[in-house]
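Chemist: The lines below spell out each chain.
2 protein chains.
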Amino acid sequence: MAVNSPLPVAAELKPVAGIELGYAEAGIKKPNRKDVLVMKLAEGATVAGVFTKNRFCAAPVQVSKANLAAVKAGGKPIRALVVNTGNANAGTGEPGLANAQATCAEVAHLLGLDAQQVLPFSTGVILEPLPVQKIVAGLPAAIANLKADNWFNAAEAIMTTDTQPKAASLTTTVGGHTVTMTGISKGAGMIKPNMATMLGYLAFDAKVAQPVLDELVKYAADRSFNSITIDGDTSTNDSFILVATGAGSLVVDSTDSPDYIALRDAVTGISRHLAQQIIRDGEGATKFITITVEQGRDMDECRKIAYAIAHSPLVKTAFFASDPNLGRILAAIGYAGVDDLDTAKLDLYLDDVLVAKSGGRNPEYKEEDGQRVMKKAEILVRVVLARGDADATVWTCDLSHDYVSINADYRS
Amino acid sequence: MAVNSPLPVAAELKPVAGIELGYAEAGIKKPNRKDVLVMKLAEGATVAGVFTKNRFCAAPVQVSKANLAAVKAGGKPIRALVVNTGNANAGTGEPGLANAQATCAEVAHLLGLDAQQVLPFSTGVILEPLPVQKIVAGLPAAIANLKADNWFNAAEAIMTTDTQPKAASLTTTVGGHTVTMTGISKGAGMIKPNMATMLGYLAFDAKVAQPVLDELVKYAADRSFNSITIDGDTSTNDSFILVATGAGSLVVDSTDSPDYIALRDAVTGISRHLAQQIIRDGEGATKFITITVEQGRDMDECRKIAYAIAHSPLVKTAFFASDPNLGRILAAIGYAGVDDLDTAKLDLYLDDVLVAKSGGRNPEYKEEDGQRVMKKAEILVRVVLARGDADATVWTCDLSHDYVSINADYRS
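Residue numbers (UniProt numbering), protein chains in the order written: chain A, 1 to 412; chain B, 1 to 412.
Source of the hints: derived by calculation from the structure; they are not laboratory data. Hints may be right or wrong, so weigh each one.
The list treats identical chains as interchangeable, and a pair is accepted whether it falls inside one copy or across any two copies.
[Unchecked claim] Below, simulated DSBU-like cross-link-like pairs (lysine-lysine); rule was C-alpha separation at most 30 Å, straight line:
1) K376 to K53
2) K65 to K376
3) K375 to K34
4) K345 to K53
5) K376 to K14
6) K357 to K375
7) K14 to K304
8) K366 to K30
9) K30 to K72
10) K207 to K357
11) K29 to K366
12) K304 to K218
13) K76 to K376
14) K53 to K304
15) K53 to K34
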């Protein structure tokens, strides 16, 4: 049972000028299933990404990072992305790298590019050789159906154990220019079996200089894909990619421009929406929890505390049980690793209910008020540190019987 | 269902010269239950402890730390310990501190000591006022039955939701002197509901100088109570106390003496046994897992990797399912935060089965060999980093349906 959220509807996903998407059913792991996606970018597009920090990072992540670095070193721009599901090409050593590069080479061959202009992505089982021949055999079909309005199909094509496609679209105005942005995401973080990968792709039609896009992708990722957590595990393949196609009229070439701020906030908002859909689709998730830590000295300490709460199995089971067990939350704050934290100044709210005041139980707090909040499907945990003006927000879900079942029963 | 381990038997717990133990049924939370323990130490005893690093540390922890510090500042030695169950006296502010001090004052009054010579400990529900009158009313009975051979009763007196008392005893020879050591422990880390506290007390009859004992308690704790984990949560009250009664013939006044090494290793061994009993009694635990990381650059990086494996809910559910899902273990190693780890050098064993070699699947590894190991009730995970000569070992258990049930259903 996943926390309900509105399904994206195909018609709501707006084409973004400068990017076309095509899919194929290549039979990588299962037949009759979209499992290859190609995204073709217009000339003038810029691309930036953030990737998993897992030391066992997958071959496609290594190739994507290298190809993005080549662009910055003066190489030709990225012009295509290729994604396969069914196999993560992780823990596959040198043959894995060769297979990722062979996939890029074939996409490049079919589109008239250099192999270095293609970024590869894989998601699926790890420690098994990538069936590169099946992918290569599927590419012509994917390229034959390249279309600007294929976003819903694209969202389906990158699904693995996701129960629903994840996508979002937005049209906004920045500095008088209309900007259209559409994105897709997949993967319930690590909640889904066998290292389910978190992937996100967001395209918009502004023209953005490479250094600006590099800054933007980090900013947006920190406040979206890097602020969601289901169980604290980090996959070998996680990637989040921004594509500025350059096909629209907005041009942003400095992070100092007011247009940058407006664009940045719109990109961050839609990225957050894509990331939150992953939490809402977490298998076993029955609650959607927002954890905000306010008035900290810096964002880092706020994130430490938010993550300590979000990762505590005791807190997560209390959410599952709708039990306002505030001692568990206070304890998680206490062991978050903020060494000089003065707990006597700290307030804790569940939605609008002040449960702990100045580090202890609020004398006016009634258990039934906490209970009322905990029974809701969406809950805000708000921690006020009263020692600065930094804040951070993290989104997570509860820990249920289904979580154990799904992760224990997989492969059996 | 807890992982089976031999129950301590009263007769096997040897008295330690220089320490007497007495208990009472004070009705703190429930009637007809041992819930107060007093330990009286002989003149000449030295005491050292390590305590929770949780910023919400409980009032008795604050008082114990202050009283130990007073000894080092030239104050009178610690001569008694008092433990209550049923209430943790945590998150209780100034009244909590006053209650912990009042408890010490009453013990001191009854034994003819100063209040600062008493260390208080509490375990139980948090955020509720300590019923200090009940404890004070129970103290005369506890002191009336002070006996050297009360260790089994003492182990029972500190139980909260533990399913069995935890204790161990050892007689060894150090430098020609016989040393007797007996200890008790309680609390399934954080697996038990509502911040169940981890407490450990170990006494032995050597005479040990204060600075030496301070070093010894840290050494032993790092390799025992600080190397077990159930779910990564840290309680507000965790404490581990070493008592060197000085009543025996062994005298250790330097960490450079060979006697120190021998004593240290014996103390560490029995501390580890006390700590492991906590893991074996973890509610919901069906497997006892030892994680050893070898050939690291330093102990810190070995511990990081061991803890990343031990805390991964995906790894823990795989153990519960007896699923040799080695990708989950490799991924946990990868995100442990050892930034320059060369995964291509890394080997991974399940017991004696080499599952991953040089960072990838061992070509000779067969799934059924991994399966055979994973079905066992006790499993060794061994990671070989091949980059140094440091190592670390952590003990943990699996994550089962019962874990969720116990922690979700508590208080309901």
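Chemist: Now tell me if each hint is right for this structure.
Modeler: Comparing the hints with the structure gives:
no. : hint         : in the structure
1   : K376 to K53  : neither (34 Å within a copy, 33 Å between copies)
2   : K65 to K376  : neither (42 Å within a copy, 41 Å between copies)
3   : K375 to K34  : neither (38 Å within a copy, 37 Å between copies)
4   : K345 to K53  : between (35 Å within a copy, 18 Å between copies)
5   : K376 to K14  : neither (33 Å within a copy, 54 Å between copies)
6   : K357 to K375 : within (22 Å within a copy, 48 Å between copies)
7   : K14 to K304  : neither (37 Å within a copy, 45 Å between copies)
8   : K366 to K30  : between (53 Å within a copy, 24 Å between copies)
9   : K30 to K72   : neither (38 Å within a copy, 69 Å between copies)
10  : K207 to K357 : neither (49 Å within a copy, 46 Å between copies)
11  : K29 to K366  : between (53 Å within a copy, 21 Å between copies)
12  : K304 to K218 : both (18 Å within a copy, 26 Å between copies)
13  : K76 to K376  : neither (51 Å within a copy, 55 Å between copies)
14  : K53 to K304  : both (17 Å within a copy, 15 Å between copies)
15  : K53 to K34   : within (28 Å within a copy, 50 Å between copies)
Checked against the numbered hints given earlier, this structure breaks hints 1, 2, 3, 5, 7, 9, 10 and 13; the rest are met.
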